[in-house]
Amino acid sequence: MVDARSCLSLCRSLSGDAVGARDGTAAFLEVLERRLDAGHPRTLRILAELGRWSGEAGDTSAAVDLHLRAVAGLEAALGRLHSDTLIARHNLAYWRGLAGDHGRAVQEFAVAAQDAERALGADHPTALTYRVNLAYWRGLAGDRAAALADLSELQTAVAEVLGTDHPRALRTRQQRAELLELSGGQEAAITLLTALLADMVRVQGRDHPRTCEVARSLARCRDRVSSGGSPGEEQC
Numbered sequence: 000m001v002d003a004r005s006c007l008s009l010c011r012s013l014s015g016d017a018v019g020a021r022d023g024t025a026a027f028l029e030v031l032e033r034r035l036d037a038g039h040p041r042t043l044r045i046l047a048e049l050g051r052w053s054g055e056a057g058d059t060s061a062a063v064d065l066h067l068r069a070v071a072g073l074e075a076a077l078g079r080l081h082s083d084t085l086i087a088r089h090n091l092a093y094w095r096g097l098a099g100d101h102g103r104a105v106q107e108f109a110v111a112a113q114d115a116e117r118a119l120g121a122d123h124p125t126a127l128t129y130r131v132n133l134a135y136w137r138g139l140a141g142d143r144a145a146a147l148a149d150l151s152e153l154q155t156a157v158a159e160v161l162g163t164d165h166p167r168a169l170r171t172r173q174q175r176a177e178l179l180e181l182s183g184g185q186e187a188a189i190t191l192l193t194a195l196l197a198d199m200v201r202v203q204g205r206d207h208p209r210t211c212e213v214a215r216s217l218a219r220c221r222d223r224v225s226s227g228g229s230p231g232e233e234q235c
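Numbering of the sequence shown is given in numbering that gives the first Met the number 0, commencing with residue 0 and proceeding in unit increments.
Any given hint might turn out to be false.
[Claimed, not checked] Label pairs and their in silico Cβ distance ranges:
1) Val-202 / Ser-60: 29 to 37 Å
2) Thr-193 / Arg-33: 50 to 58 Å
3) Ser-60 / Ala-109: 20 to 28 Å
None of these hints come from the bench; they were simulated from the model. We treat Cβ as the ideally placed atom computed from N, Cα and C, and that holds for glycine.
With the hints as constraints, model all of the structure from the sequences given.
Here it is as structure tokens:
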């Protein structure tokens, strides 16, 4: 039942109904709190999902608050290094960043990445994902030179572990291109995005959301270069 309701919320969100996913998850959470207790691991996982759908629906503050509750509960119920707890901690950092608190997000990403590496190993896909996102958010927080160096190394590691066509490998290349443009390297970003777009079309299809993101980023970068504009702070 829990898995089916989670899949229903995911399908709603993917179809563009993030509010429906949020409201459906909130209603299901109330059921679980009555039947299982607020501190049950299944209830806490749904609480974290409610945080996700609240953020997807546009309320990043609620996403942060709900993930804080989920993290505290999961740490108490399952331990700091349990996979569910690690996921909730990573996602808390993600929503912190989207809510504008880049400094705190980087701190939380760093600790989550260290713990994931300690619990799972440096080459585990989860640990690699956390390290990639840590580097990316460090770049968004302003430390772009170090972030680009880290992403360059991690791009190789991710490709070796997961393969060059894996979604995480493609996303790592996208994140590196975004930081390059923000650092003023528009021409280098265009080169990376052009190759990445071709690979995404081949692997994921032209209509995949990430493919569309890269296509829009490439168009904006080209327009900016042709108009002689500065990189500013808009993500390419």
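Right, here's what the structure says about each hint:
no.	hint	verdict
1	Val-202 / Ser-60: 29 to 37 Å	35 Å, holds
2	Thr-193 / Arg-33: 50 to 58 Å	54 Å, holds
3	Ser-60 / Ala-109: 20 to 28 Å	22 Å, holds
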